[in-house]
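Given only the sequences and the hints, what does the whole structure look like? Please build it.
These are the residues of each chain, in order.
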Amino acid sequence: MALLLRGARVAVLAAFGVFFVGPLLWLVLAPTKSDHELVSRGPFTFGSIHHVALAWKHLYAFSDHIYLTWIGNSLLYAVTATAIVLVTAIPAGYCLALGSFPGRRLVLTLTLVVMMMPAAALVLPIFLELNALHLIGSVLSVILPFAFFPFGVNLAYIYYSTALPRELLDAARVDGCGEWGTFRRVALPLAKPVVALVLFFSFVSDWNNFFLPYTVLGDSKQYPIQVGLSTLLSSTPSFNPAVGGGGQQVGIFRPELALATLVAVVPVAIVFMLSQRSLVRGLVGGGVKE
Amino acid sequence: MRVARSRGLHGWRGFAFVVPYLIVLVAFGILPVLYAVKLAFTTDGGGWAGFRNFTHSAGDYRFMSALGHVLVFTSVWLSLLIVFVVTLALLLHGRASRSSAAYRFLYYIPGALAGAASVLVWLFMLDPSVSPGSFFVHHVLGAHLFVESIAPGKLPLIFAMIAFWTGAGGWVVVMYGALNTIPQELEDAARIDGAGPLTLALRIKLPLIRKWIAYMVILSFATGTQLFVEPQLVNQASLGMVPDTWSSNQLAYQLAFRYADFNSAAAISVDLLAIGLLGAVVIISRTGLFKVES
Amino acid sequence: MKQRRLWPAVVVTALAFVSACGGSSGSGSAKDGITVWVDAARLPAAQAYAKAHPDKKVHVVTFDGDGNGATTLQTKIQLWNRSGKGWPDVIFSEQANDPVWMAKAPFDFAAPLEKLIPENVRSQWPQTSTAQCTVGGKQVCLQDNLAQVVLWVNKKQMEAFGYTVPTTWQDWAALGEKVAKEHPGYIVGNIGDSFSHWIYLWGNQCPLQQLEGDKVKIDPTDDHCTRAAALFDPLIKNGTLPPLSVFTPDFAKKYGGAQDKVLLMPGPSWYAQAVFDQALHVPAGEMTAANPLQWGSESPVTTGQVGGGPWIISKHSKNSAAAADFVTWVTTVFNPTGKDARPGYPAYAPLAEKWLQALASNPYFAADPTPALKTAADQVWAGWNLVTYPDQPVWSDKVVTKMVAGDSLSSLLPTLGSALGDAAKAAGYSVVGN
Chain L
1219 MALLLRGARV
1229 AVLAAFGVFF
1239 VGPLLWLVLA
1249 PTKSDHELVS
1259 RGPFTFGSIH
1269 HVALAWKHLY
1279 AFSDHIYLTW
1289 IGNSLLYAVT
1299 ATAIVLVTAI
1309 PAGYCLALGS
1319 FPGRRLVLTL
1329 TLVVMMMPAA
1339 ALVLPIFLEL
1349 NALHLIGSVL
1359 SVILPFAFFP
1369 FGVNLAYIYY
1379 STALPRELLD
1389 AARVDGCGEW
1399 GTFRRVALPL
1409 AKPVVALVLF
1419 FSFVSDWNNF
1429 FLPYTVLGDS
1439 KQYPIQVGLS
1449 TLLSSTPSFN
1459 PAVGGGGQQV
1469 GIFRPELALA
1479 TLVAVVPVAI
1489 VFMLSQRSLV
1499 RGLVGGGVKE
Chain D
398 MRVARSRGLH
408 GWRGFAFVVP
418 YLIVLVAFGI
428 LPVLYAVKLA
438 FTTDGGGWAG
448 FRNFTHSAGD
458 YRFMSALGHV
468 LVFTSVWLSL
478 LIVFVVTLAL
488 LLHGRASRSS
498 AAYRFLYYIP
508 GALAGAASVL
518 VWLFMLDPSV
528 SPGSFFVHHV
538 LGAHLFVESI
548 APGKLPLIFA
558 MIAFWTGAGG
568 WVVVMYGALN
578 TIPQELEDAA
588 RIDGAGPLTL
598 ALRIKLPLIR
608 KWIAYMVILS
618 FATGTQLFVE
628 PQLVNQASLG
638 MVPDTWSSNQ
648 LAYQLAFRYA
658 DFNSAAAISV
668 DLLAIGLLGA
678 VVIISRTGLF
688 KVES
Chain P
1456 MKQRRLWPAV
1466 VVTALAFVSA
1476 CGGSSGSGSA
1486 KDGITVWVDA
1496 ARLPAAQAYA
1506 KAHPDKKVHV
1516 VTFDGDGNGA
1526 TTLQTKIQLW
1536 NRSGKGWPDV
1546 IFSEQANDPV
1556 WMAKAPFDFA
1566 APLEKLIPEN
1576 VRSQWPQTST
1586 AQCTVGGKQV
1596 CLQDNLAQVV
1606 LWVNKKQMEA
1616 FGYTVPTTWQ
1626 DWAALGEKVA
1636 KEHPGYIVGN
1646 IGDSFSHWIY
1656 LWGNQCPLQQ
1666 LEGDKVKIDP
1676 TDDHCTRAAA
1686 LFDPLIKNGT
1696 LPPLSVFTPD
1706 FAKKYGGAQD
1716 KVLLMPGPSW
1726 YAQAVFDQAL
1736 HVPAGEMTAA
1746 NPLQWGSESP
1756 VTTGQVGGGP
1766 WIISKHSKNS
1776 AAAADFVTWV
1786 TTVFNPTGKD
1796 ARPGYPAYAP
1806 LAEKWLQALA
1816 SNPYFAADPT
1826 PALKTAADQV
1836 WAGWNLVTYP
1846 DQPVWSDKVV
1856 TKMVAGDSLS
1866 SLLPTLGSAL
1876 GDAAKAAGYS
1886 VVGN
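Residue numbers (the numbering used here), protein chains in the order written: chain L, 1219 to 1508; chain D, 398 to 691; chain P, 1456 to 1889.
If you're looking for bench data, these hints aren't it; they were derived computationally from the structure.
Among these hints, one or two may not hold up.
[Unchecked claim] A few chain P residues that face chain L, going by a derived Cβ cut-off under 8 Å, partial list only:
id	residue
1	A1496
2	V1516
3	G1520
4	G1522
5	L1534
6	N1536
7	F1702
8	G1712
9	A1734
10	H1736
11	G1740
12	D1795
13	P1798
We put the CB at the ideal spot given by N, CA and C, even for glycine.
So this is what it looks like as structure tokens:
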């Protein structure tokens, strides 16, 4: 019975592993093939390193070497915004969980309500607001809205309200969470997993955000990588016939696009691995797995 | 209850910690939402419109089909998400193992692919002639051509699959983190009482991460009804074979920017917000998400 | 504990960095120069202009080109309008119909060209091209390239099978029947692209998008539509005119490259590079172009169009003269040779002459395709007008997906007509039927 269970467990985990990784493996192999081979050869075959180098050459040359600028922009936006998110969300989540100030529930409710508003509806209001602040076209027009990350506050809130041992919780409540000392003594030592979670989700959501920078930025040199990738996508003849045969001059085909997306995933993968480590370590009371 | 009542004593003491967040919440959350709601109830000239924008947008010839699509999609996706995310998290947590971290990484990593990458990947995955999963595409989807894979009847399933592929891993990570907060003593005690791994998972662990599950359901219900990215991606990958107003949120976007009717667009967004809130209220009242005592 | 001390440091550094970079507002009409928005394929032209005019300040922004049913420009222009600033001076769009909505409320972006670019320059564009750029009696754009439909021919395969190149739709259909019997698997065209109706119905004078003032005439019961559909249906059924898109991997695998199964394919001028060379990888020395197909003995011969990206000058430009100079240069002068050659057939006739000369000697072609391209340039049917709403999603959704499922094009025409009518009404047109 136990053996059967263990077998079933491994089977389920592996099956999902294949589902999640299969398409990715295809993507990893894509730049090793030419655009033609991508269609004619088997999906999981390896082409040659030479093609990767060629694809990189084309990608690097695209639009006056703008690709690396885009990656740099994304790093700037995501890192800065995530730093602000951590400073605002962790203390807020902590005090929303343990505090007792009036309006606490209101803040929680509003956070949730705001999260449920469809992003498409907020394009115009946010644009007008940034315009009123004379920020359109500046990097702050991306960073400031990114700095608002309600999901992070919710994560911190649920974490502090479920994960803290009862004694610590009571101790903190006696203090009313209001003092820096208590925050330092109770909240921060326990914050590591939730900092990791918030850092990770905030970074990724900033890194992957397309809509906001797409609407507020007016200069291709300021684009983050996601807006850049969509420019690359629309420069790929197979995705945009309207480019009208300009493919040869632009030099971006499916293998180049695949390489561009893969390079863009690297920072996210690194942040994931870093935050994974603190996610499973340093939890309450030594009762930690792994 | 005792603790909750004693809160009043402490007054505003914790407030300062929330202030930085409140500033960004008001600036980039509440104000834009209020503005959008105002748009929904006013005319283009700024006059009061009552519910005219709502009736006008609901009368659009694409409104009902888009709403229908979204509701079918949400039910498919939500069931997938609840069943599999919880199952996978419990399985990963069932036994301390080195492979667990690797699995979590593998499950998560599609989430790092946004926009253009997904278009490229799914164009190939759904094309039976070049897909590595052509067996699956043939036999489960019954498609022999790319256009058949994205036939209208299959779209909710396809979008649910794409959304699950990109989004489930993140939730598995969150659930796993939540499971990690369960004290080891509790597990040990249950084990001494003779609880097997299955009993342990269902009787002990599952109830303890109830809040997280509720939270996931609320957010996913809302994001499900606001489906935008996946149909937009497939619209691009298929060069327009899937309409650009497939979901309600897409319709809102088209109304706003193609037809410059921001008011009707805002009305649809408020509809979606209302649906999301309704779902949230039901779930919160059932699970007590916002009660501090766990 | 480390983290606590780290945060403020990170934030301070980051903010310092940000404020250093902040405030650099990129877009918008500069006082002493112009800002131009182009897609990646038009970037070389803009850069060449800047290089040839070192005295002029040109700020180039690349964007997705608004092609493929995107709403980039709609979104951007509305936001610029709301904030009252930020408009670039010149925009290139990949969507031929963009100037139509740009010239109307609430967008009101496109400037009339009458006073900006002299008549004797503008008159060098083919008449249909100018007509497509004319909105409400005013010309508001210049097309960069023409996308006239010709009949693409795989000369090598046709000769190998001993077929002659058809000149009428009827001959073409008869050949399709023959191919189905003699060489099953080979094709004489495809009708599953989101723009296939522009090739097969536009060229055959089916009135699905005909403007009469502010009304749009949509009549799928017109004889021109029904007789064409009746001609195509047997070929769709026998597999020589598959309802598939040339841009799918599936198509490339079945008909392209090593298979080399495209015998004929009605398609726009840019198919040579974008489809046969880059998507299907048909080897060099096989393809050429023939004149657009004629319906029986009816004349004049008309053809369809797929593309024709326009240049638009902003109404809000503070430097209209410089903007006009830029647009004139990129459309009438810019003409590099060799591998940097312009991707599309230049719309400006004198430039087209030079461009065709270079193309005639291109080793990719089995025979000189330029006479056919040149003939077709003046044959685009003027009875199909550009409108503010996109018709491609309607065609794809209502017709292509159903043809794949086995329905005949003839049976789908009424659905197409009513769905196009819905789209037209939603965009504010009134619709007249038959």
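Here is what the structure says about each hint:
About 3 Å separates the beta-carbon of A1496 (chain P) from the nearest beta-carbon of chain L, less than 8 Å, and the hint is met. Contact between V1516 (chain P) and chain L, as hinted, is supported at the beta carbon level, the nearest pair being about 5 Å apart and thus within 8 Å. Of the supplied interface hints, the one on G1520 (chain P) holds, with its beta-carbon coming within about 6 Å of a beta-carbon of chain L, less than 8 Å. Restraint check, G1522 (chain P) versus chain L: the minimum CB separation of about 3 Å is within 8 Å; hint holds.
Hint status for L1534 (chain P): holds, given a least beta-carbon distance of 5 Å to chain L, under 8 Å. For N1536 (chain P), the suggested interface contact is broken, since its CB lies about 11 Å from the closest CB of chain L, more than 8 Å. Nearest Cβ of chain L to the Cβ of F1702 (chain P): about 5 Å, under the 8 Å cut. The hint holds. This hint holds: G1712 (chain P) has a C-beta 6 Å from the nearest C-beta of chain L, less than the 8 Å allowed.
A distance limit of 8 Å between C-beta atoms decides the matter here; for A1734 (chain P) the minimum to chain L is near 6 Å, and the interface restraint holds. For the restraint placing H1736 (chain P) at the interface with chain L, the shortest Cβ-Cβ distance is roughly 5 Å, inside the 8 Å limit, so the hint holds. Using the Cβ-Cβ criterion of 8 Å, the hint placing G1740 (chain P) at the interface with chain L is not satisfied: the shortest such distance is roughly 17 Å. Interface hint status for D1795 (chain P): upheld, as the beta-carbon distance to the closest one in chain L is roughly 6 Å, under 8 Å.
Using the Cβ-Cβ criterion of 8 Å, the hint placing P1798 (chain P) at the interface with chain L is satisfied: the shortest such distance is roughly 4 Å.
In the structure shown, a violation is registered for the earlier hints numbered 6 and 11, in ascending order.
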